[in-house]
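S.K.: Here are the chains, one letter per residue:
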Amino acid sequence: MKKRLFALLMAAVMLLGLVACADTSDDGPSGNYNANLQPGDPETWLSHDKVTLTVLTNEGSSTENPPASNDLPFWKFLEEYTNVHIEWEVASAVGYTEVVSTRLSAGVELPDIMMINTIGNGEKAGDNGVLVDMAPYWDTHFTNTNAYWDAQGVDFESHITTGDGNIYALVGMAEPVEGHITLMYNTDWLKTLNKEVPTTLDEFTDLLRAMKQAGDLNGNGVDDEICFTAAGFAGLMDCIGTAFGLEQYESWDAFASKDGKVYSEYTSDNMRNFLEYLNELFNEGILDKEIASMNASFLAEKIASDRVGVFGYYSSFAISYGQLTPRAQKEKNPYGEYFTLGVALASKYNNNKGYFMRRERAVGAPTAITTECDNVELACRWLDTLYADPNVLNVRQYGIEGEDWKKGENGEIEILYPADGSPRDISSKGCGQIPLCHFQTVAQLTEGMDQYPWYQQQYERMRTESEWKTPTVPHLQLFQDEEKEIMSMYNVDVKGVFGEWRAKFVTNKSNIKTEWDKYLQEMKDMGSDELTGAWQMVYDRTIGAQ
Amino acid sequence: MSKNANRIKGSKSDYVLDAIVLTITAFVIIVTLYPLIYVVSMSISDPLSASRGEVILFPKGFSILSYKKAMADDAIWQGYANTVWYTVVGTISSLAATMLGAYPLSRKSFVGRKFFNTLLLVQMFFGGGMIPTYIVVVKVLGLYNSRWAMILPALTSAFNIFIARNFILSLPEELLDCAKIDGASEFRIFTNIIIPLSKSVMSVLTIYLAIGYWNSYFPSVLYHGDSSLHPLGMYVRKMVIQNSILNMGDDAMGGMISAESLLSSLQLKYTVIVIAVLPLLLIYPFFSKYMKKGLMVGSIKG
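Chains R and G, in that order, are what the protein sequence lines are.
In this text, residue positions in the first sequence follow the working numbering: the first is 58, and each later residue adds one.
In this text, residue positions in the second sequence follow the working numbering: the first is -11, and each later residue adds one.
Among the clues, some could well be false.
To be verified - Keeping only pairs whose Cα atoms sit at most 25 Å apart, straight-line, the calculated BS3-like set for lysine-lysine is:
id : chain 1 : residue 1 : chain 2 : residue 2
1  : G       : LYS48     : R       : LYS389
2  : G       : LYS127    : R       : LYS181
3  : G       : LYS96     : G       : LYS187
Said to hold, decoys possible - Covered by chain R, per the in silico footprint, the following chain G stretches (three or more residues, Cβ under 8 Å):
id : region
4  : 34 to 40
5  : 121 to 127
6  : 215 to 222
Unchecked claim - With the C-beta cut set under 10 Å, the calculated list includes, among others, these residues of chain G facing chain R:
id : residue
7  : MET118
8  : TYR132
9  : ASN133
10 : TYR205
11 : PHE206
12 : SER208
13 : VAL209
14 : LEU210
15 : HIS212
16 : ARG225
17 : LYS226
18 : VAL228
19 : ILE229
20 : LEU254
No lab work stands behind these hints: they were computed from the structure.
Beta carbons are placed, not taken as given, at the ideal position from N, Cα and C, and that holds for glycine.
Excised from the complex, chain R in its bound form (with noise of 0.2 Å):
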């Protein structure tokens, strides 16, 4: 007897314990969490008493903008418009890869939400159980996110979907259009050849030839001009592959499809033509001679001594660069002309339809919530408030409501300009740079372009003049396993065997006509085809599947 009581005391206490322990929080989406709030309360706060939640993120890669913090406009307004508070910690960009590692792999002292490097860390993070699985409350916690990215077309999901179904963390979004990459030629230089701005790829390569010609166009009595550059043979790509027919943007890779069909840029003949077309201007001693070795910095050297007449960079260079040049320093003219806007080439290679490449938006860092969250419901409502509640963005991209712009009659935005004929100033008040879920904005994209009415007509011509293709492939960040180990065992020396190849056939180390079999093949060896067949893999599984 006295043994069967001993039992049945026994099993109470396990099935106390066992209630004790039962974690109701994690059992997915309530769905009514902000149960609490009670009449009278503002209908966006997502809580009725206030919260706080402690964040860490970093200082942002621009040192122009100001960190995140609570003294900054757009946190104090986001702080009215949630009830929630944020209690910063805001590391230093450099070495923040470093910082987030350790702390992932170490699991102390985590915050309830952090921007992590790579959507892989947060991947494998997620795997350990560091971070929350946001899988569950996708569709019930989401509904702003989901609502802003269905209507841009993007299949977000799929971006930051794991192989296994989970979310583990968000990745930050770009703006579409604003500041591509463009080709942009040198005003004077233009205006002494008496040429327009090439339209078609033989009227570039005319008007090259015609700089070639012409000499000393800026009148140094030195042979130094370079009619043509960019930052490095990627810069190459970006700003005239698509005059040849090939998808290339801002490094991406380059893999596209055609019928459902993905095929590698990289052994197209359509590279072929634009690694020619290139050899061609390196022979005829138009292009670059240190192409190679060309980055931004460079650049403005460059274009500081006036040796530049066409480069290939972000748009918003003209301005900037321009700014450079001997002219703008003697003219003391920060306002001038000196670099005008290209549109994209049209050429037999793309049927004569000029076209740039539409920018892959989801590319931001990403954001993850840690299971240190106590409140992960309301860490996702909030994160959901600030990628894209309809109101927080407007403030985002425009600045603060009534001091920034306003509302038209129609409900459309009017922008304010400050009376003193000063700039609009929004990245200092913590909108031009928003960590976490938007490392630029259109607010900091077009700050302090209304003072150009000569770009801002460029631009205009740049955007409509031109076709904007969307990548045939989209340029996912997250892979499912089996793409995964193929990238890894292939993509490096893929990449590796192509800029190699690329380098001496430009700069005439390899002959194109005679060596491109024997590049074909090397290719192959590195794995070219199991690579491209990892591409048909991520395209069925998106863009096929819809």
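Could you slot chain G onto chain R? The hints should help.
M.R.: Then chain G, alone, in the frame of chain R:
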């Protein structure tokens, strides 16, 4: 008789050797000095000349705009103050810990001396790794966002302890025996005999430690979420890496950057480097004789 007459005439091979030594020395001096002069020249040149790549060695034009800009930034002064704190407190603490560790290990009468020496030797070659260290510093010691996170995790190094231990071993044993016969305790021997006689090794260690603390920034990357605790090294890194034109271009992704920012970002990094290394450059001549001594200290016993 002139002085030259007293000189021993060298052989031909001596002259050849001298010439080779002088050439190598001149080469080393040029290689060492060039970057230093270049950095200073870039920082005080006209911004446009600096961006055009016209500065080869000496300044082209003159401008102190970047110095004005750097000095107007509160973060640089905050970084300076923090670095001075880390250097002074860190050096004193480390020196004390090193000497306190070295003395018992040098005493033959110390029980377990061999064991502790081996233990020290092992950790010289095998570290704990970044993540376990992080857990110890943050979770066990609770030093997250504390100034001591810059000092305590690397308070002593086995290498420094061995240098100090070898030096103490080189002191005559009879001195310590005499003190003992006179009734001095171990503590008194340490403070009244060992410390005064170890000034040279302590000077060398002070220089090593001070330079180490002055340049240290990585612990701050890991343990300081609060930027008001960041040392000057973090500021320099930020300026050099984060604020470069290349970075601005890539990260701007089409955003508006003024020419003034482009120019100042290039020059600012050189300016910040000058500001950061200036104190060390000014102090170094006064300690150079100890540095020379330090190369030999601890290497010879007896």
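S.K.: Of the numbered hints stated previously, which ones are contradicted by the structure, given in increasing order?
M.R.: none
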